[in-house]
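*Asks:* Protein chains in written order, with my numbering: chain A, 1 to 485; chain B, 1 to 177.
Calculated directly from the structure, the hints in this document are not laboratory data. Among the hints, erroneous ones may be present.
Said to hold, decoys possible - In silico negatives: residues of chain B with every beta carbon more than 12 angstroms from chain A:
| id | residue |
| --- | --- |
| 1 | Thr64 |
| 2 | Gly66 |
| 3 | Val82 |
| 4 | His165 |
| 5 | Thr175 |
Stated by the list, open to error - Derived pair list, reagent style SDA-like, types lysine to any residue, alpha-carbon separation capped at 20 angstroms:
| id | chain 1 | residue 1 | chain 2 | residue 2 |
| --- | --- | --- | --- | --- |
| 6 | B | Lys114 | A | Leu132 |
| 7 | A | Lys268 | B | Phe50 |
| 8 | B | Lys148 | B | Asp176 |
| 9 | B | Lys148 | B | Val47 |
| 10 | B | Lys148 | B | Ala131 |
| 11 | B | Lys114 | A | Ser224 |
| 12 | B | Lys114 | A | Gly131 |
| 13 | B | Lys114 | A | Thr226 |
| 14 | B | Lys63 | A | Val304 |
| 15 | B | Lys114 | A | Phe98 |
| 16 | B | Lys148 | B | Asp124 |
| 17 | A | Lys185 | A | Ala266 |
| 18 | A | Lys268 | B | Ala131 |
| 19 | A | Lys268 | B | Arg44 |
| 20 | A | Lys268 | B | Pro37 |
| 21 | B | Lys114 | A | Met298 |
| 22 | B | Lys114 | A | Val304 |
| 23 | B | Lys148 | A | Phe227 |
| 24 | B | Lys63 | A | Ala305 |
| 25 | A | Lys268 | B | Tyr43 |
Said to hold, decoys possible - Taking CB as the label site, the calculated pair distances span:
| id | chain 1 | residue 1 | chain 2 | residue 2 | range |
| --- | --- | --- | --- | --- | --- |
| 26 | B | Gly59 | A | Leu204 | 27 to 37 angstroms |
| 27 | B | Leu65 | A | Ser13 | 23 to 33 angstroms |
| 28 | B | Asn72 | A | Lys185 | 47 to 57 angstroms |
Think of the CB as a built atom: it goes at the ideal place given N, C-alpha and C, for glycine as much as any other residue.
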Amino acid sequence: MTMAATAGRSAISPRAAVLSYLAVSGIVLLLMMLFGLTMRLAQAQWISVSPDFFYVVMTMHGAGMVGIAGLCSAAVMWHFVRRHVPVSTAVFLTNLVFFLIGAVLILGSGFIGGFGAAWTFLFPLPAHSMGLWSVNAAAAYLVGLIFIGVGFLLLHLDIARGILSVYGGLGAALGVKQAFGLTDKAGPPPAVTASTMALIANILGILVGAAVLIISLVNLYVPSFTFNALAAKNLIYYFGHTFINVTIYMAVIAVYEILPIYAHRAWKTNWAFYLAWVLSTVFVLTVYTHHLLMDFAMPTWTLVAGQIISWLSGLPVLLVTAFGTLTVVYRSGLRWNPAAALVFLGVAGWAIGVIPAIADGTIAVNSVMHNTQWVPGHFHTYLLLGMIAMVLGFMTYLTNPQPRYGFAWLGYWLYLGGGVVFVLAFLLAGSVSVPRRYAVHVAQWLPYDRMGSIGAAFAIVGVLILIVRFFVGMRAAASAQDPSG
Amino acid sequence: MIQDVVWSISIILMGALALVFIWVATGARAAIANYGPVIDSAYRLRVWLFGAALIVLIGTNYKTLGELPYINTLPPLPAAAVQPVQVVAQQWMWTITPNTFKVGQTAEFQVSSKDVNHGFGLYDPEFRIVAEVQAMPGYTNVLRYTFKEPGTYQVLCLEYCGVAHHAMQAQIKVTDH
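With these hints in hand, go ahead and build the complete structure from the sequences.
*Replies:* Written as structure tokens, this is what we have:
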């Protein structure tokens with residue numbers, strides 16, 4: 001079933017809209033990577049940065065990366081799902097406008113207002129600046145997040161409308177009957193299944209996030225209005241975990257769609273595939289308590305569940321998506337090009353990053369590694385070398401009508417080599433108890449910081465090359481046919 | 001230490017998985033024309049992998065969930081065997097009373113916060129984390145720990161709490177018997 005997107009009232013073509021998303025994503029990604037490098041260089045004591053500026057940069061890096069992860073992975077999802085269901089280009093572009101308004105507010109809150117409460121804005125920290133940022137700066141940050149959230153809510157609701165109009169229900173679009181062997185009919189395409197999972201999780205997560213953002217906003221201006229800090233933490237991690245986790249599930253659509261083109265093999269969608277997505281939907285919505293394992297006031301059963309679900313959630317990733325990727329590529333005759341190599345790397349980074357993530361989701365391990373650099377170690381593995389690799393693969397695939405691969409291969413290897421060094425430095429540092437989110441490091445931690453800085457620098461050069469190549473190819477691609485035909 | 005075990009196991013498994021991806025990637029060019037048998041073999045292998053993963057999952061969770069740090073899951077100790085310790089966090093200092101102990105002494109840190117979220121991270125004399133718990137306004141989290149070696153232990157904040165987060169440190173002295 002193939003369906004053109006409804007152009008709505010937008011004068012911009014769907015393809016140009018997707019390219020706009022990716023162009024904004026590419027620029028912001030590079031900027032945020034430079035923020036990250038700034039932090040690593042400061043920790044390595046190779047540059048001097050005041051702690052208050054460090055924490056502003058840290059807050060901007062976190063919020064910016066989470067936002068951009070959502071934006072670029074949404075572009076992947078929308079590009080492919082619109083082949084199967086009617087969606088609105090106007091709504092898609094509205095999300096981009098909301099994102100840009102939110103981004104301006106957030107950048108202003110940090111670089112003008114000095115807001116530095118970390119992207120997680122743990123209640124009631126935004127209201128406890130100790131004089132370093134104003135109430136208005138904190139409010140600008142929170143309102144910026146609300147703008148971004150509202151944009152994504154509109155986008156997911158529009159996709160939900162399109163999916164419901166074709167499939168009649170979210171269960172059918174997710175492939176629930178196929179998952180449990182209740183029908184012999186072919187299930188929905190992977191892009192529809194993944195988009196359904198993403199919208200279920202993100203609509204719930206964004207609504208929860210909006211609630212805690214409003215609570216925090218009211219608390220800023222009416223300090224007598226207070227809220228339970230543990231409840232707020234639950235709401236924030238429910239929203240934050242869901243949003244960032246879903247970015248991978250949106251980006252992985254690029255793997256399902258692009259790799260089979262180059263490998264000349266179809267991606268088999270059997271009951272195991274749909275069961276994996278049904279289970280992943282449940283896991284994404286219930287696993288967030290693994291962020292609260294050191295909050296001893298939580299009911300113990302919720303923390304035990306957090307550990308068990310963390311372990312279970314690795315199974316669909318490793319045994320369905322990673323295994324499926326390996327099967328599609330195995331002796332397929334595939335001649336590697338940067339687009340295929342990047343989406344393949346994306347699955348590898350995701351699967352490999354699951355291992356240290358599961359370790360951290362184990363209560364006994366979390367007791368000595370929570371909030372150490374082990375945490376950015378594992379999430380950069382599956383985000384930088386996983387989700388971002390999938391998106392870079394998608395960008396390369398879209399803008400390479402006349403393949404000239406040499407330039408892109410250079411970017412690929414710098415990005416991969418630098419990225420591996422960068423994440424290993426975090427993991428090593430975490431294993432020797434280096435805390436995360438510290439502006440100032442003691443002498444014995446410096447080797448890890450310097451190793452990480454070098455890795456980050458190479459990774460940034462690699463990504464810069466891939467994004468420059470994207471912009472060079474974008475003009476031709478804007479008018480070209482989809483490479484998949 | 002548990003961190004060393006976790007690092008070793010993780011890096012071995014991550015490396016092994018990376019090697020599988022490299023092996024498949026480097027062998028991709030040699031084509032097998034008939035995809036059907038490849039799929040059949042892969043599905044059989046996946047069943048075995050699923051079984052192995054399930055055994056590891058159940059075994060590890062059974063083992064680790066039997067030793068939780070939460071006070072309501074620990075056996076009660078006679079009052080004389082436990083030293084209660086009041087730990088109050090606030091931007092950006094710790095108040096720890098008492099803060100001197102003997103090797104073998106069991107402390108129950110009653111950790112709370114006056115303002116925002118903090119993290120009570122206990123570092124041993126080799127500067128490695130041996131225990132931690134969150135400090136939250138409105139709650140008292142109880143962390144039990146038995147000191148195993150003499151020296152100066154450091155308490156670091158392990159939850160970002162504002163611009164002097166990194167400077168929020170304290171010391172605990174542990175002496176021989």
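*Asks:* Taking only the CA atoms, is the gap from Lys114 (chain B) to Gly131 (chain A) under or equal to 20 angstroms?
*Replies:* Given that 20 angstroms is the threshold and the Cα spacing comes to 17 angstroms, the pair holds.
*Asks:* Does Lys114 (chain B) pair with Leu132 (chain A) here, judged by a C-alpha cut-off of 20 angstroms?
*Replies:* 19 angstroms, holds
*Asks:* Honestly, do Gly59 (chain B) and Leu204 (chain A) meet the 27 to 37 angstroms range at C-beta?
*Replies:* 33 angstroms, holds
*Asks:* Lys114 (chain B) and Phe98 (chain A) were given as a pair; does the straight-line alpha-carbon distance stay at or below 20 angstroms?
*Replies:* Distance ~37 angstroms between Lys114 (chain B) and Phe98 (chain A) Cα, so the pair is violated.
*Asks:* Between the alpha carbons of Lys268 (chain A) and Pro37 (chain B), is the straight-line distance 20 angstroms or under?
*Replies:* Distance of about 14 angstroms is within 20 angstroms: holds.
*Asks:* Any Cβ of chain A at or closer than 12 angstroms to Val82 (chain B), or is the non-interface label fine?
*Replies:* 16 angstroms, holds
*Asks:* Within 20 angstroms, alpha carbon to alpha carbon, are Lys114 (chain B) and Ser224 (chain A)?
*Replies:* The given pair, whose Cα atoms are some 16 angstroms apart, holds under the 20 angstroms limit.
*Asks:* With 23 to 33 angstroms as the target window, see if Leu65 (chain B) and Ser13 (chain A) comply at their CB atoms.
*Replies:* 54 angstroms, violated
*Asks:* Between the alpha carbons of Lys148 (chain B) and Val47 (chain B), is the straight-line distance 20 angstroms or under?
*Replies:* Given that 20 angstroms is the threshold and the Cα spacing comes to 45 angstroms, the pair is violated.
*Asks:* Sort out whether Phe50 (chain B) lies within 20 angstroms of Lys268 (chain A), counting only the CA atoms.
*Replies:* Cα-Cα ~18 angstroms, so holds.
*Asks:* Is the straight-line distance between the alpha-carbon of Lys114 (chain B) and that of Thr226 (chain A) 20 angstroms or less?
*Replies:* 14 angstroms, holds
*Asks:* Is the Cα-Cα distance between Lys63 (chain B) and Val304 (chain A) 20 angstroms or less?
*Replies:* Cα-Cα ~13 angstroms, so holds.
Checked against the numbered hints above, the structure breaks hints 1, 2, 4, 9, 15, 18, 22, 23, 27 and satisfies the rest.
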